[in-house]
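Trainee: Listed below are the residues making up each chain.
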Amino acid sequence: MNGFLPLSRRAMLATLAGAAAVTILPTVSFAEDDIVLGLVSPLSEPGDVRSGEAIKKTADLWIKKINEAGGIIGRKVKLAVYDDQGKVEVGVSAMERAVTEANASAILGVWSSSVTIGQMEVAKGYDVPLLAFYSWSDEVTSKNYPQVFRIGPYNSQIAAQMVPFVKERGYKKVVVLAEDTAYGLGFAKAFEEAAKSLPEVSLEVVQFQAQTQDLTAHMSKIAASQPDAVIVQTVFAATNLSIKQGREVGLKAEIITGWDWPLLPDFWSTVGDAGVGVIYPTFSDPSMTVTKVGQDFIDSYKAAYGSDPAIFQYYLWDNFNAVKAAIETTKSSAPADLVKALPDTKFEGTIGPVFFRNEAGTVNFHQWDKFAMFFKKLNKVGDGEAQAELVYVVK
Amino acid sequence: MTKSMHYAIAAIFAVSGVAIASIGVKPIFADLLILSAYYLLLAGSWNLLAGFAGQYSFAHVGLAAAGAYGTAAIVNAFGVSGWLAFLIIPVFTAAIGGLLGLVALRVRGVQLPLITFAFAGAFAVFLAAASDITGGSMGMQLPKLVAGFDRSPYLILSGLLVAAFFVIQNLVLDGRIGLLMQSVRDEEEVARGIGVDIFRIKVYAFMITAGLAGLAGAFYANYVGVLAPSMLSMSEMGMVVAMAVIGGLGHRYGALVGVIVIRSLEHFVRGFGAEYTLVIITAVALLVVLFFREGIIAAVGKRLDRSVQQRRWASAKAS
Amino acid sequence: MSAGADHGTKPMMDQLIVQSLILGLLQGGLYALLAVGLSLVFGILRVVNFAHGEFAMLGSFAAVFAVTSFGMPAWAALIAAAAAGALVALITNVVVLRPIYLSRMRQKGEYTIIATFMLSQFLIAATTVLFGTTYRNLPGLWESNLNFFDYVYLSGNRLVAFSAAIVMIGTLFWIVYRTDTGRAWRALTQSPLGASVVGIDIHKYANYAFLVSGAFAGLAAGLLAPLMFVFPSSGVVALVKAFIVVIIGGMGSIGGALAAGLLLGVVEVMGTIFVASGYTDAYGFALMIAVLLLRPAGLFGKMGRAI
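The listed protein sequences correspond, in order, to chains A, B and C.
If you read the first sequence in this note's numbering, its first letter stands for residue 1, the second for the next number, and so on.
If you read the second sequence in this note's numbering, its first letter stands for residue 1, the second for the next number, and so on.
If you read the third sequence in this note's numbering, its first letter stands for residue 1, the second for the next number, and so on.
I should point out that these hints are in silico values taken from the structure, not numbers from a laboratory.
In this text, all values refer to a predicted model and were calculated from it rather than measured experimentally.
It cannot be assumed that every hint is accurate.
Derived pair list, reagent style BS3-like, types lysine-lysine, alpha-carbon separation capped at 25 Å [claimed, not checked]:
(1) B:Lys302 <-> C:Lys204
(2) B:Lys302 <-> A:Lys143
(3) B:Lys302 <-> A:Lys124
(4) A:Lys65 <-> A:Lys346
(5) A:Lys64 <-> B:Lys26
(6) A:Lys302 <-> A:Lys292
(7) A:Lys78 <-> A:Lys252
(8) A:Lys78 <-> B:Lys302
(9) A:Lys143 <-> A:Lys167
With beta-carbon atoms standing in for the labels, derived distance ranges [claimed, not checked]:
(10) A:Val391 <-> C:Tyr151: 31 to 37 Å
(11) B:Asn76 <-> A:Asn379: 47 to 53 Å
(12) A:Lys64 <-> B:Val18: 21 to 27 Å
(13) B:Ser315 <-> C:Val95: 50 to 56 Å
Note that the Cβ used here is the ideal one computed from N, Cα and C, for glycine as well.
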């Protein structure tokens with residue numbers, strides 16, 4: 001770092017500060033023989049820190065268990081952790097560092113769709129596998145990048161699975177309340193597309209600012225149009241707000257949340273009575289078959305952290321096992337070898353056998369999709385996953 | 001410092017950009033330097049507007065965002081090369097800045113920060129809500145200026161842009177317009193009395209600094225490749241203001257020192273955990289605002305003067 | 001407000017107009033309560049306080065902790081909110097602002113903006129580290145949803161909050177126009193120099209103004225919390241609304257703040273329902289820009305002097 005030329009005193013100071021910055025850099029060192037996996041997740045604001053922490057816990061547990069069992073092909077496995085802050089440019093640069101500095105064999109733990117889509121370019125540029133699990137944008141797999149894989153759902157699939165449910169319940173007028181993000185508007189578009197197969201259902205999308213604190217105006221507007229059902233497509237805070245304020249302004253429709261946010265701990269304390277009758281879709285149900293691998297994951301997670309893992313953590317676990325299976329097949333940890341091996345990798349996942357669909361030109365490329373969607377209803381205050389009534393299943 | 005020294009500093013930046021690029025640095029350090037150039041352009045031009053012309057605008061990052069989105073728009077819609085954006089966008093944002101000035105400068109004093117704040121706020125709502133046009137929080141993508149992951153072109157460009165900024169700043173401050181800007185800041189009524197067209201000077205200051213903000217935005221868009229509304233959050237504007245204030249408002253190298261201090265701080269304190277970064281940075285900025293109102297440069301300068309005087313006094317006594 | 005008449009039947013449109021008007025007015029009362037303190041401080045000290053929103057945010061946190069950690073009832077939580085807001089405001093005035101307006105630097109008004117802006121960023125960051133970003137809920141005084149003839153729907157909390165806001169603003173009117181403190185404030189607003197000549201202690205009355213300003217912000221946040229949530233960056237929203245209200249109403253005018261608050265509430269709700277639902281926050285900004293350009297002193301302000 002002696003790259004600067006002789007400078008004025010002030011510029012000299014700048015150089016010193018810069019040089020100091022470089023020397024103090026936290027350098028991660030890895031033994032030659034270790035297999036390194038990159039974890040790039042939202043670990044600080046404005047990223048989704050709550051999910052980021054859950055991701056990190058899952059990853060740490062997996063690494064610990066694998067190394068206790070002797071590693072993969074006799075080599076120890078290490079995790080190189082990077083924070084994407086929920087920002088595209090940070091996530092992209094973090095992934096690049098995972099690849100160039102830590103020599104990661106594969107990148108896992110990526111979360112927000114917009115960040116993932118940015119990171120896909122890095123995966124392509126360096127030919128390193130990128131495994132997504134809860135980045136829901138169709139684009140992640142529909143772009144058909146050879147390096148990108150997903151064990152987890154995608155927007156248009158979830159929207160399509162909502163359609164039979166809407167038909168089953170006999171809704172005639174449905175409003176989608178969507179936040180102005182990739183998540184909210186992405187779903188709204190996909191659902192509008194999917195609902196074309198139900199000409200008898202009239203559909204309206206009401207958009208709102210994601211960071212809003214007051215939805216009474218939106219809910220009054222929706223209430224006045226007297227729909228049969230409102231699908232609230234937003235992350236948890238506005239989910240709670242829309243339910244509470246919707247009932248406040250006399251909304252009588254059934255409320256279906258975008259995902260299983262009502263299972264989060266602050267649901268009942270913030271919505272109270274208004275939460276009764278809310279329906280939520282999820283991939284997780286006690287009736288779901290959990291494999292031996294899955295049961296082992298649940299038990300060790302409970303032992304380590306004292307709580308049950310959420311369903312997305314199952315998929316992350318499968319992501320890690322996919323990489324493990326690919327390394328075992330190829331006997332190599334070189335990223336390019338894994339990119340070649342992953343499409344045909346098959347292994348026992350947490351809720352069934354996992355294999356990728358490889359239909360080029362479609363969203364089902366490097367995509368696993370064998371999950372059932374459960375619709376569950378909360379019938380009294382305080383209901384959790386175990387008490388919720390199963391009202392419909394889409395296989 | 002003499003005039004030629006100010007130009008020498010600009011030249012040093014241009015050369016060191018090339019030097020660093022040819023030596024090659026770790027990607028993380030390259031990213032740090034490149035984005036620091038973006039912040040320097042922003043904080044430096046805000047310092048010109050607030051520190052020298054006395055016009056405290058809170059729409060500055062908004063103008064950079066307009067420049068960045070503008071770049072993405074012309075690259076995507078008309079297939080214009082990203083390089084051309086460096087020429088087109090500053091003109092475009094200077095025009096917006098001029099319009100903003102024409103409108104916002106109808107109010108005076110502390111109302112100016114408020115009205116510009118409102119413009120920036122409304123623009124941020126638009127960027128997020130009009131997702132059909134802007135991509136909303138999903139972001140707006142554009143192809144990179146140089147394909148691949150090589151940072152050297154951007155390092156060279158950073159050096160050149162910083163050099164260009166200092167050259168422009170020198171031209172403005174050493175020219176007639178700079179003097180008039182400072183007269184408007186210091187004694188608006190007196191300046192008016194001696195026949196300075198105050199309104200015109202203010203609008204020019206808005207246009208020049210908006211052009212520089214647009215240049216920063218075009219650079220950001222071309223380098224990062226994905227734009228999101230978070231680019232113009234309140235805390236980003238706060239960061240830019242903090243950079244200018246820490247170094248010293250109204251000092252030619254105030255923004256440079258501020259950018260160095262804040263970017264290094266950001267870098268060092270990352271290790272404590274990201275949530276502490278913002279606390280430490282804002283605490284430092286607040287302390288400087290409270291106790292070193294003229295900024296670090298002036299505070300250090302005074303101390304140096306004092307110690308020089310003491311030494312002289314001591315040596316005089318000894319002899 | 002005729003847009004949107006094409007969907008829905010006529011009576012439903014009427015219902016929606018009545019409902020949104022009432023919602024807007026109720027919301028507006030709280031905006032006014034958030035703003036009067038900001039306006040008061042501006043009138044007396046010419047300080048545009050960017051940390052005003054954080055007085056509110058810290059007040060609402062105090063209320064939440066009063067209930068969750070100390071088991072206090074909901075009404076006591078409101079007092080805690082007001083007290084916390086007042087305390088933070090007082091400290092802000094003494095530590096951050098007084099040194100600036102006592103100094104001889106140029107452009108003090110602008111510099112206080114920067115100082116309070118930095119303070120606000122610091123308080124948000126510090127609160128985030130201390131309490132995390134989890135959304136918290138505060139129980140209200142009247143936790144039930146009311147239904148008036150199947151026509152207008154409201155929550156009890158909203159009515160309580162609005163009534164409290166109006167009572168408090170009335171109290172402030174009484175203080176300003178019927179007490180010695182109020183007379184001193186008005187004197188300071190009209191002429192700081194004149195007031196000091198006749199022996200009014202500017203520091204004392206500035207402190208009083210900040211105490212009231214912080215207490216009102218804290219109380220407003222405590223009343224808003226049951227309707228929304230409590231989290232570290234909630235002050236930003238509060239600040240933006242308060243600014244808009246103060247600008248529209250005229251800086252330093254309490255009656256103006258009340259009228260402007262109600263106007264902002266109605267415009268936001270009506271805009272959201274009848275124009276475009278995704279632009280809620282933009283309506284206030286648009287209103288503010290229009291007022292600054294057409295009537296820089298505010299719709300109800302009567303200030304002739306340059307600020």
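Trainee: Within a Cα-Cα threshold of 25 Å, do lysine 302 of chain A and lysine 292 of chain A meet the stated pairing?
Mentor: With a Cα-Cα distance of about 15 Å, the restraint between lysine 302 of chain A and lysine 292 of chain A holds, given a limit of 25 Å.
Trainee: Given the proposed pairing of lysine 78 of chain A with lysine 302 of chain B, does the C-alpha separation stay at or below 25 Å?
Mentor: Violated, at about 52 Å.
Trainee: Against the 25 Å threshold, does the CA-CA distance of lysine 302 of chain B and lysine 204 of chain C hold or violate the hint?
Mentor: Roughly 34 Å separates the two Cα atoms, so the pair is violated.
Trainee: Taking only the CA atoms, is the gap from lysine 302 of chain B to lysine 124 of chain A under or equal to 25 Å?
Mentor: 54 Å, violated
Trainee: Can the suggested window of 50 to 56 Å be confirmed for the beta-carbon pair serine 315 of chain B and valine 95 of chain C?
Mentor: Given a distance of about 41 Å, which is not inside 50 to 56 Å, the answer is violated.
Trainee: Assess, step by step, whether the Cα of lysine 143 of chain A is no farther than 25 Å from the Cα of lysine 167 of chain A, and give holds or violated.
Mentor: 31 Å, violated
Trainee: With a cut-off of 25 Å on the C-alpha distance, tell me whether lysine 302 of chain B and lysine 143 of chain A pass.
Mentor: Not satisfied, since the Cα-Cα distance of roughly 60 Å exceeds 25 Å.
Trainee: Tell me if the beta carbons of asparagine 76 of chain B and asparagine 379 of chain A are separated by a distance inside 47 to 53 Å.
Mentor: 50 Å, holds
Trainee: Check whether the Cα positions of lysine 65 of chain A and lysine 346 of chain A lie no farther apart than 25 Å.
Mentor: 21 Å, holds
Trainee: Verify the CB-CB distance for valine 391 of chain A and tyrosine 151 of chain C against the hinted window 31 to 37 Å.
Mentor: Since the Cβ atoms of valine 391 of chain A and tyrosine 151 of chain C sit about 32 Å apart, the hinted range of 31 to 37 Å holds.
Trainee: Quickly compare the C-alpha distance for lysine 64 of chain A and lysine 26 of chain B to 25 Å and report which way the hint goes.
Mentor: 30 Å, violated
Trainee: Is lysine 78 of chain A within 25 Å of lysine 252 of chain A, Cα to Cα?
Mentor: Violated: lysine 78 of chain A and lysine 252 of chain A sit about 53 Å apart, past 25 Å.
Against the hints set out earlier in the document, violations occur for numbers 1, 2, 3, 5, 7, 8, 9, 12, 13.
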